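S.K.: Sequences and hints are given; from them, build the entire structure.
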Amino acid sequence: MTIQFNDETFRDDYSFRNSPWAIKRFPFPFDKDDYMYSVNMEPHKGGREGSVFQNRFDVDEHYVSEMRDRAKVLSDDPLRCQSLPHMTLAGWDLLELIMVSKSEDYPDLFELHRDGDKWRWINKPMGIDDTFTFLDEATLPYGPMEYITRQTQGDFALLDQRDDNLWMDAGMVTTQADWSLDFDIGMNFFEWHAPVPLAHEKGIFVRALKFLLNIQQGAPARRLNWTMTVNPLLDTSPENYHKWGIQKTELTPENIGSKQHLRVELQTFFRLPRSNGLVFPIRCYLCSFQDLMTVPKWGRRLHRVIRDLPEELATYKGFIDNRPMMVDYLSQFDDGQPTSLGIWPDLDSEPPLKK
Amino acid sequence: MSKFEFPPSITSRPIWGSLTPRQGKHHLMIAEAEGAEAVLDIASPELMAKTHLIYLARGTDYGDKLRALNPQHFRESPTFGAARQRIERVLQDAAMGLQLYLTGTEGMMGQVMQMAVTAGIPHTAIQTEHRGSTARRMQCVHCKGITEDVEIDPFVCSHCGLNLFVRDHYSRRLAAYQGVCIDAEDPGNVPESKGIYE
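Line by line, the protein sequences give chains A and B.
All residue numbers for the first sequence refer to our numbering, where the first residue is 41 and numbers rise by one.
All residue numbers for the second sequence refer to our numbering, where the first residue is -19 and numbers rise by one.
Hint data in this document are derived by calculation from the structure and do not stem from the laboratory.
Remember, it's a predicted structure, so these values are computed and weren't measured experimentally.
Note that the Cβ used here is the ideal one computed from N, Cα and C, for glycine as well.
Errors might be hidden in some of the hints.
Stated by the list, open to error - Residues from chain B shown here face chain A by an in silico Cβ test under 8 angstroms; the list is partial:
{"#": "1", "residue": "S(-8)"}
{"#": "2", "residue": "R69"}
{"#": "3", "residue": "Q72"}
{"#": "4", "residue": "V146"}
{"#": "5", "residue": "A164"}
{"#": "6", "residue": "N169"}
M.R.: Following this line, the structure appears as structure tokens:
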């Protein structure tokens, strides 16, 4: 399949748009009409054809523009990409994983030619053709993690495993849901999740850590997480919150359909072979409310989930003030009919909106 | 002076302990202000004969009492800032098995812990006890500047001037809590500051 890459922005004039193809494959995160935290892990071994789950690292129409946005964030704030000294080998592991996966999954877009440790990497969408020596940092323009994650959608946390815990010792973080790599680097699994409400008490993190510590090479896992973002802003960083926070107050009943976006993270987890580290890609997908409402099942369900979400979660996810307006808007798309189980749009089997 | 009981908090927030004398040939104690009382509580002639004691007075007056414990080495400094290089040097020169005792504010203990870990002291050899001021060392997440001794919430970043609220989220690497802009969504609407634990 050939992907038409959009020329679009995730800031200023916000020209970001989803095509009908992108809307249909949007990873809607709610498999039923209510939501609470859970350790919702499943094997990351493919998925429905054309879905974001199909390939190890999904490439979509936003790829080139997202990489341009990342370069802009990094030039404004280089601390968004950091690696503690012992993490370089894990960075090479990640580079290999991504290059091998992308060249196998998208042979028309990416090529990897290996002759011993002499590697040639061709990234056609970004116009890159580099030859380098594997495991020799001096032959790349950036460290290995930074090099490859400047060419791969999603944020990346590189985790070191020791003392029966995971330590966030490196990362590339420019499309985050309001957390700071610069602040959190060096923290263990419980520390960097410390600000999340309710989940600690439910034992979520203890169980999740146990699961992650046991992830084996070649058997990656995945889960979805979500939040809300006003405007298709990728860089919702705490660093810049004093600049973008005001946008949350610019919602009106007239513009909410186009301005309010559901922000979904496809989180995957891969064991790395040489370092025994773990890489945790956090891929962000954005979809406006009005685009989501083109899928009747999602309209019904999103209304019910947002309406009934516990207050702590709406506060933590930062939309408690806008929730009433969201529920008002979404209620137009909920006719009370039952919804089918699972996250898929089910366009052929779900009834149209009855209002 | 009674010890302050910190309210229960999130998992990144440090939990400070109580000093107890330990076995070992080499001991380094760093006592800031009222932290002197924690040293006086555990001091014995045998322990102090093997102890390098650094007292960061910050306007308190425990110098004579501490000197009277006859530590192997004694240094009084007006502030942590004034003693930083000396502490770094002592940590670099530390013999295997050094026991480290830290007592005073969270900011001082956090920074010396970070220095000690960097110098290769195992965390199991470090004890802490909070005494005195409950002020916090805060990093502004926006400009990255550190403001020392923050007692109120919200407060004004001493570097960029933004109004910040005080989070419990804590970085051991930075030895600082995180401060985040409080009026980003409603500029100028800053609630009146009050004590962090009020």
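S.K.: Quick one, is the Q72 (chain B) hint okay against chain A at 8 angstroms, beta carbons?
M.R.: Constraint on Q72 (chain B) not satisfied, violated at 19 angstroms.
S.K.: A164 (chain B) was flagged as interface toward chain A. Is the shortest Cβ-Cβ separation under 8 angstroms?
M.R.: holds, 3 angstroms
S.K.: Given N169 (chain B) was flagged as interface, is its beta-carbon under 8 angstroms from a beta-carbon of chain A?
M.R.: violated, 11 angstroms
S.K.: Verify the interface restraint on S(-8) (chain B): the C-beta must sit less than 8 angstroms from at least one C-beta of chain A.
M.R.: Nearest chain A Cβ about 4 angstroms off; hint holds.
S.K.: Hey, does the V146 (chain B) contact hint survive, CB to chain A under 8 angstroms?
M.R.: violated, 13 angstroms
S.K.: Using 8 angstroms as the Cβ threshold, decide whether R69 (chain B) counts as touching chain A.
M.R.: With a closest approach of 23 angstroms, the R69 (chain B) hint is violated.
Violated hints, in rising order: 2, 3, 4 and 6; the structure is consistent with all others.
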